[in-house]
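As given, the protein sequences belong to chains A and B, one line each in that order. Taking my numbering, the leading residue of the first sequence gets 22, the next gets one more, and so forth. Taking my numbering, the leading residue of the second sequence gets 621, the next gets one more, and so forth.
Treat the hints with caution; some may be incorrect.
Straight-line distance between alpha carbons at most 30 Å, and here's what the computed BS3-like set of lysine-lysine pairs gives [as the list claims (entries may be wrong)]: (1) B:K683 - B:K697; (2) A:K43 - B:K995; (3) A:K177 - B:K995; (4) A:K90 - A:K122; (5) B:K957 - B:K651; (6) B:K715 - B:K789; (7) B:K995 - A:K34; (8) B:K995 - A:K39; (9) B:K883 - B:K683; (10) B:K789 - A:K177.
Since the hints were made in silico from the structure, they are not lab data. Here the structure is a predicted model, which means the values were calculated and not measured.
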Amino acid sequence: MTKLAIGRGMSDKRGMVKDVLKLLLEGEALTTPRMAAVLGATEAEVDAALDALRAEQTLLGWRPVINPKAVADNQVQALIEVSVTPERGGGFNRVAERISKFDQVETCYLMSGGYDLMVVVRGATLLSIATFVAEKLSTLGGVRSTATRFMLRCYKESGFLIDGAEEADERPAVSP
Amino acid sequence: MKDASPNRFVADHVRSLPRSGIRDFFALVQKMPHAISLGIGEPDFVTPWNIREAAIFSLEKGKTSYTDNLGLLACRKAVSAYLARVFGLSYHPEKECLIGIGVSETMDTAIRAILNPGDKVLYHEPCYVSYAPGIRLAGGVPLPVPTRPDLEFSLAVEDLEAAWEPGTKALILNFPTNPTGGVVERGRLERIARFACEKDLIVLSDEIYAELTYDGEHTSIATLPGMRERTIFLHGVSKAFAMTGFRIGFACAPHEIIEAMMKVHQYAIMSVPIFTQEAAIEALTHADDAVARMRDSYRRRRDFLVRRFNEMGLQCHLPQATFYTFPCVEETGLDEKTFATRLLEDQEVAVVPGTAFGPHGAGFVRASFSTGYEKIETACDRMARFVGSLHAAAVK
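Chain B extracted, bound-state conformation (with noise of 0.2 Å):
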């Protein structure tokens, strides 16, 4: 018999595409509205005034149309101006840089401009949540490579070395990584580097959490020998500058690969709305100090959740970046799913399982630390008595 649904209509590689781990979980968090979560990706800082500000003078201004599919001319300058200052990155604003609707729009647009069918994709594993459904959708294959808790989720170049097939065309990596906090060395880094060179590999960088790194310095893959020419520079202000909702991403890349991901961007999007651009000149031109105080307080707050975890029991490394942490819950005896949805059900405290980021988060859970102190207190109130009840359990 013919099926009669309307789901007959969704493409079979959209209809196989798995939901995300986070909705499921997020449905099951709405349903406790007194809940405290740390389980939220975004920071917890409104926008910084002198960018709202500059938002609403644009508007008033009058600026309510089109811009070119590449972006404001004056927004990639500000682009290229502040790649220089803060990353030691060179990139022309005319020829080799895109203004896209956030990291994630950037980065599919970057992954539909690179992949042919059967094309394959290293990335790091766990991690965001779009890039295996990214690649997928662009008829690609993921190669998901582990990224290990004994190296406190940097990568290996072994592991890469270890997932690579012939016909791998790309490596996307994320560090500072969400969920897990992790960083790599610019020794280890220049591993990675060469790796790519000799398997002739692009490079996919997202880099969004670099300007959140409390210890030692960000480098990025951009800046090492022979991998300009092989990179995608991917950056926005969403995190540091505290500016989600306004969705601005971008891409840096030689001029060849920018001109292709121009034409996905331009069909798809056209171009970014013009007032958040303007907002974004504003924060990459004048919000240095803003952002320095939003890591100081987001560095206080890291130090005082990992101690928290670690107390009560929660083996947890110290993440030099972003503003995540990433306990290991297999000491209670519970898998990851399992300790947050008790959790959240005897304790209204949500963190987010650590396979919502992929198989190899199995084991951890990730708990943000973008909430003020007070609701990081309490909630590490009540996970030391939900860990010490388990602890208790076991022991009768």
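Same shape as in the complex, but just chain A (with noise of 0.2 Å):
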């Protein structure tokens, strides 16, 4: 019988990179020592691999996904569109840097369509929301426009859905 080998050559690095990467992605398996077990590699060899991939900038950071509802009492968000000027040279870079940069802002994506940058920006009250687009975001050199949608209701979050209660494995225990 074939038995599996255990432990990784040197030539395959790149293969559990690859795995862990994968096994992040799953949510399921999430600490150092699950993802040994699950990989059949060494804490060491798991933990090498998380550096790769911090090194290369694909693992950005750990933040976990919590339901809005925990926080909502004093958070709000808004999703808006800017439209920009781009630049000679730089096109909308310069000016999508330096809206990212903004402490509030917690996503910011280069769109096509109607407008050209879709910010996500997060505050603690409409108004704090308001002032920060008011006073910073269409102030900035570039942008010619923005229009603020607030965030009313949310039902999915990072793959996660928002009150999907989870249901019974109504699996029978064996089957054939």
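Reconstruct the complex from the two isolated chains, following the hints.
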């Protein structure tokens, strides 16, 4: 019978990095010991793979996915559509990078379609976001216009359904 | 004295049919609600949403009627296109395809359509629980052929030749195999195909686990020279698409065979529910990515589980497909039933005794990896404790 080889050679390091990344995306085996157990590797090898992912800026950081309701009392989110005048040589990059540096900005994408940048902003109150848009965002050089849309309710966050009650596993315990 | 029990109304051939060993073990596991089960023969993933949504949309649109006995033409076209794309098979959707209630019913329909009373049928064992009973219910005679651990439960043509008897009409194949995870590589499959041609057998090939092949490429026997004319290709969406509850299977074969199957199916089933056929269309046309993601996850779980078995001293080949491992428990000194029962009682972990899949499963248990890592890990820790305690007792 074939026995599965335990441990990996140096040539397989890239494969290990890919496997670790897949486990991270699956979200089921996030601790180093469990990833090591699942992959049949040492914890040191998993740590090395995580370091490699950080070094190549694939893994940017760790942040839990939290039900927005849990922080709703002091959090307001808005999606802001920003139209920008592109610059010779740099296009939208300089303005986009400048907007992205604000702490209030969670996400910033360059978009196709009717506006240029989609900016997701988080603040303590409606007023704080309105102030940010009025005083910081819309006054930046290159910004032509903004349209602010406040988010009312979250149904899905980062792949997780909100209020999606987990169904009991109804599979028969043994089946052919 | 005359028998007054209602049992007297049951047909003799049904009364003599043994209950599936799975049922007995299921009854045992049911008494232990906190047991971790590695005995489940279906995916732990929920059917991808786009497929579920297609079924809901179908109901919303009021599609609640019977369909053609063969199945919705659109569904058969989707099957035909999928088989051409994935298996390299060519079947005419209008004449050579039938949609059934999962592969189980479709296989039963095929068996009933081809067997005359007394016809003999070769099938390999350990195998899915329904083959031998299906043959008997159709009046046929099952001829089991062992698949062996030293061949990683592949099928040797020499074993087929040894089991063949005059009057053999058909050969049932199920590769990749439930419960062993066995596959047949192309060279060996070609020899089996030549054997089928020499003996003029019709082959019923249940390839339900084909997409869950992790190493190498799956080859359908229907693609080999001379085989399309004598093969009933059976497949479905239950396993790879995580759609067990939708009960969609299909058979593809030459027109005359499908026409015969249609008669059996028509009088027994009429037609398959229309909304699950609509869901199958979506699965076969828009779910390749979801299948690939699930396969990737199964592969990692397989590697993990097999490694743990070998580490704890249970010899286990690396199954190249399916979501089943088939470790040998002989080394513990227990037979497979005692091993499974004591493991359940001592550590609350359920595996299925290999003999539930036929006598040739003796000495083995089936452990499925269609369960999340955390449960698999806990189950393995418990099994290691159990096996360790057996070793310790043996040393004393």
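To see whether the hints hold, each was checked on the structure:
no. : hint            : verdict
1   : B:K683 - B:K697 : 18 Å, holds
2   : A:K43 - B:K995  : 19 Å, holds
3   : A:K177 - B:K995 : 26 Å, holds
4   : A:K90 - A:K122  : 26 Å, holds
5   : B:K957 - B:K651 : 17 Å, holds
6   : B:K715 - B:K789 : 24 Å, holds
7   : B:K995 - A:K34  : 28 Å, holds
8   : B:K995 - A:K39  : 24 Å, holds
9   : B:K883 - B:K683 : 24 Å, holds
10  : B:K789 - A:K177 : 56 Å, violated
In terms of the numbered hints stated before, the structure departs from hint 10 and from no other.
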